[in-house]
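With chain E fixed as given, assemble chain X onto it according to the hints.
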Amino acid sequence: MNGILRLLKSSVGKKYLMAITGTILALFVLGHMLGNLQYFFDARWINAYAHHLQHLPYGLLWVVRAVLFTTIVIHIVVGVLLTLHNVQARPGYEVEGTVQASLGSRTMIWTGLVLLAFATFHIFHYTVKNVQDFSSIPEVNYISSVTPEGLPVVETETVITPDGNGIIRPVATPNVQAIMKTGFSVTGYSLFYIFAVGMLMLHLSHGVSSVFQTLGLRNEVWRYKLNCLAWLYAVAVFAGFASIPVSVLIGKL
Amino acid sequence: MSNEGRSYTLRIWRQKNRNTPGKLVDYKVTNISPGSSFLEMLDLLNEDLVAKGEEAIAFDNDCREGICGMCSLTINGIPHGPERRTTVCQLHMRKFEDGAVITIEPFRAKPFPIVKDLVVDRSAFDRIIQAGGFISVRTGGVPDANAIAIPKDVADVAMDAAACIGCGACVAACKNSSAMLFTSAKASQLNRLPQGQAEKDRRVLLMISQLDKEGFGSCTNYGECQAVCPKGITLDHIAKMHRDYAVASFKNVFGKVL
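Residue numbers (my numbering), protein chains in the order written: chain E, 1 to 253; chain X, 254 to 511.
Chain X extracted, bound-state conformation:
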């Protein structure tokens, strides 16, 4: 692989604010190291723009280690770009051929309004968590480690669900803008553990209800979410949530959950 600088044509979504219509604007970048990350490439472009007195392109980023869930770019129609199980910050320019045309758009979904350029407001996710993605415990003394025995395989699956960084790629990739992968991971990480049992039924009913209120689409089992998830969350968790929701609804019809 050549380490010489590469050139790209970037078609980047520019939008002033939530209410102004946006459009794709073309930019040329040159002398990009194949070893640089996608965000570093955008940093270089922004430095150029600022030097020329133009406005920098706004995009979300934070840890740049693939664990914070802030970066949210859709590259050539695929959230987080062409490489599987990575966030944009962990995507490198060696994945793009010299001279390629790269289209960069924000994570698009009605419940994720665009704030500016490539930045979207994902607080709908926070409200889903607030609806039921927690456990109620008395805070106080630290409980003994291993006071509650949890089988290893159960802990593993709960940990897989807890790997969700809440980036929103699942919603951005879904052709229905469904947030089922995110919501199911956040419910699953608690529903599978003993600590989460007490509020299990309330949790799924309230989280699904909030998800519908936010205007996310419904899940039609495309599997696009799993394919783009940087943390490899699987459709298993959605199936589990479907099960839990059926049980909770049944109890809610004949008993009283809410």
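For reference, chain E alone in the conformation it holds in the complex:
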């Protein structure tokens, strides 16, 4: 127990926490981005994907949400603690000089806080759905797959009506594609979203390569390659996320 306490109290131990939680979150945004890209396919793709996520067995959806929430809380709390400690350690110069520290590395706390604000708004916008009224968008039939002949398979469910009769009807699911389109057609929301994923790009550009350094998995040869890799990762995530509001905004022109 003493060993664990010593580790958690040390600055290096806190950085391990940042690296591990950061890795989980970086992988999450990549997965989230790839899932979102289904927006550009036939509507049944992203609608079925969303339906699956919402109906994971054994309450897995809440397990995933709990894990993500805990990860984010640890990442933020430890990040803020480390930042406060770092600010205290440095009295500051009359003339500040920077030789090579990247913009991303110098703004981690700020890009991080922007992302916190954005993520909160984003959840209320598209998950809780109480920022904007999406109720006018009708639900659609849940199309789970396509037959070899190319015909959509509409999932059905049996419902017992109050008078005791069973009826078979198509499973209704939210039209996620239309909701995204409606959400992003508000220019302000789209611009905020693009700004936020831009901040995410900056955050990842330092964070992804920093993970390797903090976990000790880097040397002078790999350092520059990993820095490039981190930027590629960051730009890919940015481009993937931003493509959707950009396409909606272009569509409005």
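Do not take every clue at face value.
Derived BS3-like pairs (lysine-lysine); straight-line CA-CA distance at most 25 Å [stated by the list, open to error]: (1) Lys-509/X <-> Lys-9/E; (2) Lys-9/E <-> Lys-428/X; (3) Lys-466/X <-> Lys-504/X.
To spell it out: a stretch of chain X is covered by chain E in this simulated footprint if at least three of its residues, at any positions, have a beta carbon under 8 Å from a beta carbon of chain E; those stretches are [stated by the list, open to error]: (4) 323-336; (5) 339-346; (6) 398-410; (7) 423-431; (8) 437-448; (9) 490-501.
Hints were generated in silico from the structure; no laboratory data involved.
Source: prediction; values computed, not measured.
Note that beta-carbon positions come from the ideal geometry of N, C-alpha and C, so glycine has one too.
Below, chain X alone, put in the same frame as chain E:
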């Protein structure tokens, strides 16, 4: 390049002692040879000040050959000045254009309290070394040379780490005042060699613990330390220390290191 004397406006941090607030004071220097070192330029200024009956500017220096690690000036916001891989004593005035305004501050960090003017107390570094930057050996007869075989590449990397002169520029440059480059170099020079293995886990745990106690910030991988290090110590050593610390902590949780 002209060899005529150059003139500069120096904005130098003056502070009476640890507890008195300091401020930047402007001085003019003229007829400075481009070939003179930065410290020689300050010597000239001090001679002028003493001749005028004013108090000389206090600054640390010793070998003036770039190997002792005493000089500790931050010039225009960059520890040891604009030239890479040099200490201030090896920096020459030809690097500064005639008429330039040069701001000179001490190495700033909370764990490096200012003693006077440009002199800071870096004994926090000594305490980090005392915590684990050594090996315990029985002194006695001199062991045979090459009694312990060490591969050349391992010896080279350990030697790179041992090049650290402990000047503190890494801390002064770090935007978090982190001492990870220094500490990792001092741990690495021992952890990489057979003689250092016996105390490796204790060493990293105790040195990091002391580093935190001294109030240094944490490393966020800016790379500023490596950029200003006069001895070219790389972030490799920090990565190595992160690895060693993880292993030592793991052992300390499930076994007993300390």
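Comparing the hints with the structure gives:
| no. | hint | result |
| --- | --- | --- |
| 1 | Lys-509/X <-> Lys-9/E | holds (18 Å) |
| 2 | Lys-9/E <-> Lys-428/X | holds (21 Å) |
| 3 | Lys-466/X <-> Lys-504/X | holds (22 Å) |
| 4 | 323-336 | holds (count 4) |
| 5 | 339-346 | violated (count 0) |
| 6 | 398-410 | violated (count 0) |
| 7 | 423-431 | holds (count 6) |
| 8 | 437-448 | violated (count 0) |
| 9 | 490-501 | holds (count 9) |
Comparing the model with each earlier hint shows violations of hints 5, 6 and 8; every other hint is respected.
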